[in-house]
Amino acid sequence: MFLRRRPDVRASELSPEWVMQGRRRLVGASAIGGGALLLPGVASLARAVGPSSTGTEGILGCSVALPESARTVAGEAPTPLADISGYNNYYEFSSDKRAVRVLAQALTVSPWTITVDGEVEQPLTVDIDDLQRLFGSEERTYRLRCVEGWSLVAPWSGFGLCRLLGRARPTSRARFVEFTSLHRPSEMIGQRVAGGLQWPYREALRIDEAMHPLTFAATGLYGAPLPRQNGAPLRIVVPWKYGFKSPKAITRIRLVNERPRTSWVAAAPSEYGFYGNVNPDVAHPRWSQARENRIGELRKRPTLFLNGYAAQVASLYAGLDPATLF
Amino acid sequence: MLAAWLDAHGRALWWVACVGCAVPGLWLAFCTAGQVLGPNPLESLLHVTGETARTLLLVALSITPLRDAAGWLSRRVRSRHGKRLSDWNWLVRMRRMFGLWCFAYAFAHAALFFEFDLGRDLSVAWAELVEKPYLMVGAIALVGLLPLAVTSTRSMMVLLGRHWALLHRLVYPVSLLVLAHEWMTMKAGSWDAVPATLVLCILLGHRLLVSAGRIRAAGHDGVEVPERLPGDRSGQELRAPGTR
Ligand code: HEM
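Protein sequences appear in the order of chains S and A.
Take the numbering used here: the last position of the first sequence gets the number 330, and nothing is skipped along the way.
Take the numbering used here: the last position of the second sequence gets the number 250, and nothing is skipped along the way.
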């Protein structure tokens, strides 16, 4: 697997205005008070000015390169494409994971645009065909852990989400990033059934999570365009969170000040938290999260804290109660 | 005619049903050996064994209502086979076979979970049983099925006498636990357990109506439903003493 060279990025993209502002505002803040912890945006900014450029500590935005170990999964072959594209949770089509592959083929993925708006200085609408030119393309092989207890290893291609967000230049009021998936009942048969989830599917991240270099916008899988059942033409991949935090078929990204109401949190707040961080020690109310079924394997294996990405992202949650992170 | 044929071929029917019950297990064994259980093999194993056990439980529970229905039908059409319809011993034998297969699948279901999910670790098993209500409910259901399986033989029936029927009423709470267990494993928004729940409601509702005297039972096990006397047109029926 080779990594394509990243295109040159303008300095303003590398260090968006709001981070600069945050730096100026928070420089010198050696300790993060309890109040700051309740305000994730501020807390993340504080961390951004912490001991930066020490590799994994306090990273934020595209200016920090990921180590090789976070871009690949060592010692394990990716899950076969037939399994990744034949076993999908995608309620827009069906809650039957084996039926999604067939039903999703009804989706028209071109033309397609993605709008970034809300608390940004430069709202923008990008055509799906311009993404590669604007943001380049690289490969990331990530573990993906579903909240239901299964997992896989997927070789995605796409770009760091921070590139797209950076271009829109979030304002200092932007504390959360909301993703809206496609709502098109004429093609998404699961959206015609009442009950269950509210459509369109909505997910959200704290802005420091969304700007984290691990957070990925995937447009391809196994070097080919993303299959429809995997979220074509563009999905978000947040490898340290349960799969429902990696929404598919994104049409709109909105930066907001208040924490958005996300689809699964609205549908079953006791079962799906806002954070959805993979944590073997925090059980789902009904089943254990201590172990997982890697696709294709019969025997379960232990689940890793933050899905094995703790070295990169644990600092985002310093001082927060793990139980609230589910 | 059909009734007479069924009665005469009860034994063959029993064998057909028995082989039918073995099919899901054989299929799983075949798929496991060929490694074609799909992307999530353990889920497939638990799913098929669990659903088969639950379905067989419902089938076993539907025998008595079916007998009642057959008895009712034979009275309506004044069939000469009314007595036999309600008194087919092979139907009762069939019910035992369904119950035993149900237990076999439920046991396999729990054993597979213990082996491949819990990694055969007793302390993990206990911790999880205590922590996860759906597992506790499933385990209680399995424990409830055990005495029913053990006392299913003819000699046990004789030994227990009228206590046997009392003991086997345990199947009603067990069936409720099984459905509760299934609902508890479902993801929010999944309605897969609805058909089984509806069927169970009908089957248990039937018994409630029978005990409330709203529906006539075909007779307790071994007790015949009275047959119309040939040529009787008065609508009067003879009743065996003590039956409802
Ligand atoms: C110690 C006893 C038991 C344990 C540990 C156990 C364990 C499990 C587990 C882990 C699942 C979830 C499978 C999944 O989500 O993929 C499940 C589902 C299920 N179980 Fe059990 N179970 C037990 C007893 C029973 C019994 C006695 C029955 C029925 C007679 C039963 C019927 C079912 C059914 C119908 C499902 C739903 C299957 C599905 O739709 O995937 N279980 N059980």
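Since the hints were derived computationally from the structure, they do not count as laboratory data.
Watch out, some of these pointers could steer you wrong.
As the list claims (entries may be wrong) - Derived DSSO-like pairs: lysine-lysine, alpha-carbon spacing no greater than 30 angstroms straight-line: (1) 138/A - 101/S; (2) 101/S - 193/A; (3) 138/A - 304/S; (4) 193/A - 304/S; (5) 138/A - 193/A; (6) 101/S - 304/S.
Hints, one by one, checked against the model:
no.: 1; hint: 138/A - 101/S; result: holds, 24 angstroms
no.: 2; hint: 101/S - 193/A; result: holds, 12 angstroms
no.: 3; hint: 138/A - 304/S; result: holds, 18 angstroms
no.: 4; hint: 193/A - 304/S; result: holds, 20 angstroms
no.: 5; hint: 138/A - 193/A; result: holds, 15 angstroms
no.: 6; hint: 101/S - 304/S; result: holds, 19 angstroms
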